[in-house]
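We have chain F; now place chain A onto it with these hints.
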Amino acid sequence: MKMEDMPLSGPDNTKLEALVNDIYSELVEDACLGLCFEVHRAVKQGYFFLDETDQESMKEFEIVDQPGVDIFGQVYNQWKNKECECPNCKRLIAASRFAPHLEKCLGMGRNSSRIANRRLASNNNTSKSESDQEDNDDLNDNDWSYGAEKRAKKRKSDKSQNSPRRSKTLKHKNGELGSSMSADPYKYNYNAGINYEMLGPDEVRSFLTTQCGVISEHTKKMCTRPVLPEADSVAGPESFDIPDGQALMSRLQWEDSPEISPSDSASSKASTNHSDSRRPKKKKRPPLGLNSGGGIGSLSGGGGSGGSQTNISLSTKKKKPKLTAPSISSIYDDLN
Amino acid sequence: MVFINEKMNKESRLKATINQRLTELGERERLKELLRAKLTECGWKDQMKAHCKEVIREKGLEHVTVEDLVVEITPKGRALVPDSVKKELLQRIRAFLAQHAA
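Taken in sequence, the protein lines are chains F and A. Taking our numbering, the leading residue of the first sequence gets 878, the next gets one more, and so forth. Taking our numbering, the leading residue of the second sequence gets 158, the next gets one more, and so forth.
So here's chain A without its partners, still in its complex pose:
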């Protein structure tokens, strides 16, 4: 058990470190911007907005809450990200790790 915890600790430590590096070096922001730009470019944002409209019409304009939207939008959003965008992002993250972690 201790062994597993240790391993997990190592992992989480690693993860924490990586995350910290990402933020420190500004890479996280850059990746965020890149993703946002790519999603807008490929029409994902418009698709999602259309979906939002449906949700809002369903729930009623006055009563819709952030939670409502999040619950409806996030799973669909994750699924609708085009493969090319996903691949590119993964590639960049991997490259970052290779450079700063290994």
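Extracted from the complex, chain F is given alone in its bound form:
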């Protein structure tokens, strides 16, 4: 460029500065002109004074510029500590909780009907089921699943034992899982009447070779998921915290001994792979979360590969409250 002719020494620097200033002035003037044209057009088109009304309204809605108050003059958290009386139940509810409370109280909103139905269903089921053992097993199931253990403990500490919400949230979780699993072949059966103690061992066996049979603690429903052909896969060790291998074994009651494959016990990885391939859908959810209640099959799988020293990969997620003792020992025999 021709700039080479111009040395950038002191005096010329000022020339450069002058140039810069010139350019700047041009830009500013351009902006001013632009504004003039805009205003002139607005005047001639008649919309320049459109935002002005009468003096009174202008005074009323003038912009407020005080501290602690927004431009409309409203205070920010004025309603923070106020309480409102619910028109339905006549209780005093905190303002921030008012809307959700109304949702539940009036029986509208997305979750309120679901929760109500669930509560009704479980109330019906609770009155029917008698077996203590079953309940114990269901309770024990809570320990199985990774997330539910924490969640159950957390929930229990958060809420009072008597609060109606306590079981509601757990059930809600359960229910949600049920719905999210709708894509899977899981089905919740309203077969609340099924009581394993009442059926003989043969009936139970034949019954459970075809269906999963796990009974949810909260809804008391039995899982009717059809038993999957590959018996070896296990939910995967990544999911579960197995507290105590032995206790676990004693709780686990496996009927389908033929389906157990000792080779799988070799490495938990193998079983993980199995589960990976077999149940891609299940992986998405926190499968552990699955369980507040009765434990859907993954429970059992986790039991096998997780911490237990035996590393049994258990066939399908079956869990039965009763088992014939000889079967258990046969399982162990195979491994040892």
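There may be inaccurate statements among the hints.
[Stated by the list, open to error] Partial list, derived from the structure: chain A residues whose beta carbon lies under 7 Å from chain F:
(1) C209
(2) V221
(3) L226
(4) V227
(5) G234
(6) L247
(7) I250
Calculated from the structure, these hints are not laboratory results. In this text, a Cβ means the ideal position worked out from N, Cα and C, and glycines have one as well.
Okay, now just chain A, sitting in the frame of chain F:
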């Protein structure tokens, strides 16, 4: 005299070149937009509009011309540009020159 003219010619040539570069490379447009945005942001535009309203009320809504506005607005507008905006613009122009002229 010839010497002065020559110098001036050089300067004006330089200026012309720079201006041309500014336009060619789109920098002029960018600077314009930047200035406009900054002026609106800092409230300069609203200030000027208020001033316009006064002028218009003075001159009468029907009879105001562009010239009227320009004459009234431009000097005030130039003066009211905040320092920060001015500095930033100058900085950018200088940077451009340094990059494309020196």
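For each hint, the structure was consulted:
no. : hint : in the structure
1   : C209 : 5 Å, holds
2   : V221 : 6 Å, holds
3   : L226 : 4 Å, holds
4   : V227 : 5 Å, holds
5   : G234 : 4 Å, holds
6   : L247 : 6 Å, holds
7   : I250 : 5 Å, holds
Every hint, counting from the list given before, is met by this structure.
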